[in-house]
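**Student:** Below are the chains, spelled out letter by letter.
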Amino acid sequence: AQRVTQPEKLLSVFKGAPVELKCNYSYSGSPELFWYVQYSRQRLQLLLRHISRESIKGFTADLNKGETSFHLKKPFAQEEDSAMYYCALSGPNTGNQFYFGTGTSLTVIP
Amino acid sequence: EAGVAQSPRYKIIEKRQSVAFWCNPISGHATLYWYQQILGQGPKLLIQFQNNGVVDDSQLPKDRFSAERLKGVDSTLKIQPAKLEDSAVYLCASSLTGWNEKLFFGSGTQLSVL
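Here the protein sequences line up with chains A and B, keeping their order. Under the numbering used here, the residues of the first sequence are numbered 1 to 110, in order. Under the numbering used here, the residues of the second sequence are numbered 1001 to 1114, in order.
Wrong hints could be hidden among the right ones.
Said to hold, decoys possible - Derived DSSO-like pairs (lysine-lysine); straight-line CA-CA distance at most 30 Å:
{"hint": "1", "chain 1": "A", "residue 1": "Lys57", "chain 2": "A", "residue 2": "Lys15"}
{"hint": "2", "chain 1": "B", "residue 1": "Lys1015", "chain 2": "B", "residue 2": "Lys1083"}
{"hint": "3", "chain 1": "B", "residue 1": "Lys1011", "chain 2": "B", "residue 2": "Lys1102"}
{"hint": "4", "chain 1": "B", "residue 1": "Lys1071", "chain 2": "B", "residue 2": "Lys1102"}
{"hint": "5", "chain 1": "B", "residue 1": "Lys1044", "chain 2": "A", "residue 2": "Lys65"}
{"hint": "6", "chain 1": "A", "residue 1": "Lys15", "chain 2": "A", "residue 2": "Lys73"}
{"hint": "7", "chain 1": "B", "residue 1": "Lys1044", "chain 2": "A", "residue 2": "Lys73"}
{"hint": "8", "chain 1": "B", "residue 1": "Lys1044", "chain 2": "B", "residue 2": "Lys1015"}
{"hint": "9", "chain 1": "B", "residue 1": "Lys1071", "chain 2": "A", "residue 2": "Lys9"}
{"hint": "10", "chain 1": "B", "residue 1": "Lys1083", "chain 2": "B", "residue 2": "Lys1062"}
{"hint": "11", "chain 1": "B", "residue 1": "Lys1044", "chain 2": "A", "residue 2": "Lys57"}
{"hint": "12", "chain 1": "A", "residue 1": "Lys9", "chain 2": "A", "residue 2": "Lys22"}
{"hint": "13", "chain 1": "B", "residue 1": "Lys1015", "chain 2": "B", "residue 2": "Lys1102"}
{"hint": "14", "chain 1": "B", "residue 1": "Lys1102", "chain 2": "A", "residue 2": "Lys22"}
{"hint": "15", "chain 1": "B", "residue 1": "Lys1044", "chain 2": "A", "residue 2": "Lys9"}
{"hint": "16", "chain 1": "B", "residue 1": "Lys1011", "chain 2": "B", "residue 2": "Lys1071"}
{"hint": "17", "chain 1": "A", "residue 1": "Lys65", "chain 2": "B", "residue 2": "Lys1011"}
{"hint": "18", "chain 1": "A", "residue 1": "Lys9", "chain 2": "A", "residue 2": "Lys73"}
{"hint": "19", "chain 1": "A", "residue 1": "Lys73", "chain 2": "B", "residue 2": "Lys1102"}
{"hint": "20", "chain 1": "A", "residue 1": "Lys9", "chain 2": "A", "residue 2": "Lys65"}
{"hint": "21", "chain 1": "A", "residue 1": "Lys22", "chain 2": "A", "residue 2": "Lys73"}
{"hint": "22", "chain 1": "B", "residue 1": "Lys1011", "chain 2": "B", "residue 2": "Lys1044"}
{"hint": "23", "chain 1": "B", "residue 1": "Lys1078", "chain 2": "B", "residue 2": "Lys1062"}
{"hint": "24", "chain 1": "A", "residue 1": "Lys57", "chain 2": "A", "residue 2": "Lys73"}
{"hint": "25", "chain 1": "A", "residue 1": "Lys22", "chain 2": "B", "residue 2": "Lys1044"}
{"hint": "26", "chain 1": "B", "residue 1": "Lys1011", "chain 2": "B", "residue 2": "Lys1078"}
{"hint": "27", "chain 1": "A", "residue 1": "Lys9", "chain 2": "B", "residue 2": "Lys1011"}
{"hint": "28", "chain 1": "B", "residue 1": "Lys1071", "chain 2": "B", "residue 2": "Lys1044"}
{"hint": "29", "chain 1": "B", "residue 1": "Lys1102", "chain 2": "A", "residue 2": "Lys57"}
{"hint": "30", "chain 1": "A", "residue 1": "Lys9", "chain 2": "B", "residue 2": "Lys1102"}
{"hint": "31", "chain 1": "A", "residue 1": "Lys22", "chain 2": "A", "residue 2": "Lys65"}
{"hint": "32", "chain 1": "B", "residue 1": "Lys1083", "chain 2": "B", "residue 2": "Lys1044"}
It should be emphasised that the hints constitute simulated quantities derived from the structure, not laboratory data.
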């Protein structure tokens, strides 16, 4: 069965420190992995997707098929990065569904 | 571009009452999703439409929830009768085609069932 696991509900880091939000998944085949973000009082929005191999707002995420992980990383956290982050998975084996993790609330301490 | 529109923004009802939510997706988006997000959890898919046809409603509690997407554009989600455990944020999202496309979310409707 398809599943997305985000082991940390809460994560606090100091401004300027590196940050890593963990995401592990289970999927038979080649999934599409996404990170969605929800800033305070804003709607849920796409941060990045692995197929694009892009860096958005300094964040990157590498798909590691061996470890079935898609961790989100940023070398220097900023206060404006404080938000709720959701890892999501989709693919042809999910019946076109998106499966979301439970989310990690990131707080960047000034 | 205009985003996904949802209304109402908030709704408070008593258990056993009925409630309806409305969603207008981004113009041209074929796929529309309704998600339920209970506090502390990630969004859970309730139903997915492709144009005006249902693709997946396996997680929709059909004894009390119903949804339709007339003419492949706007959609409504109804709960009748509501239970306490239905208290959640109901999110509507749309995408251009399907599973490998970016999802655009609405602001959601926060439902409180008392």
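**Student:** Are lysine 1078 of chain B and lysine 1062 of chain B close enough, with their CA atoms no more than 30 Å apart?
**Tutor:** holds, 10 Å
**Student:** For the pair supplied as a hint, lysine 1044 of chain B and lysine 1015 of chain B, is the alpha-carbon distance within the 30 Å limit?
**Tutor:** Within the cut-off at roughly 22 Å; holds.
**Student:** Is lysine 57 of chain A within 30 Å of lysine 73 of chain A, Cα to Cα?
**Tutor:** Holds. Lysine 57 of chain A to lysine 73 of chain A sits at ~11 Å (cutoff 30 Å).
**Student:** Is lysine 1015 of chain B within 30 Å of lysine 1083 of chain B, Cα to Cα?
**Tutor:** Holds, at about 5 Å.
**Student:** Starting from lysine 1044 of chain B, check that the Cα of lysine 65 of chain A is at most 30 Å away, please.
**Tutor:** Distance ~24 Å between lysine 1044 of chain B and lysine 65 of chain A Cα, so the pair holds.
**Student:** Holds or violated: lysine 65 of chain A with lysine 1011 of chain B, Cα cutoff 30 Å?
**Tutor:** Between lysine 65 of chain A and lysine 1011 of chain B the Cα gap is close to 43 Å, so the pair fails against 30 Å, i.e. violated.
**Student:** Holds or violated: lysine 9 of chain A and lysine 22 of chain A, Cα atoms, limit 30 Å.
**Tutor:** Holds, at about 10 Å.
**Student:** Has the given pair, lysine 1044 of chain B with lysine 9 of chain A, been kept, meaning a C-alpha gap of at most 30 Å?
**Tutor:** holds, 17 Å
**Student:** With the threshold set at 30 Å, check whether the alpha-carbon distance from lysine 22 of chain A to lysine 65 of chain A stays at or below it.
**Tutor:** holds, 14 Å
**Student:** When you check the alpha-carbon spacing of lysine 1071 of chain B and lysine 1102 of chain B, does it fall within 30 Å?
**Tutor:** Holds, at roughly 23 Å.
**Student:** Does lysine 1044 of chain B lie within 30 Å of lysine 1083 of chain B when you go C-alpha to C-alpha?
**Tutor:** holds, 17 Å
**Student:** Can you confirm whether the C-alpha distance between lysine 57 of chain A and lysine 15 of chain A stays at or below 30 Å?
**Tutor:** holds, 15 Å
Consistency with the previously given hints fails for numbers 9, 13, 17, ordered from lowest to highest.
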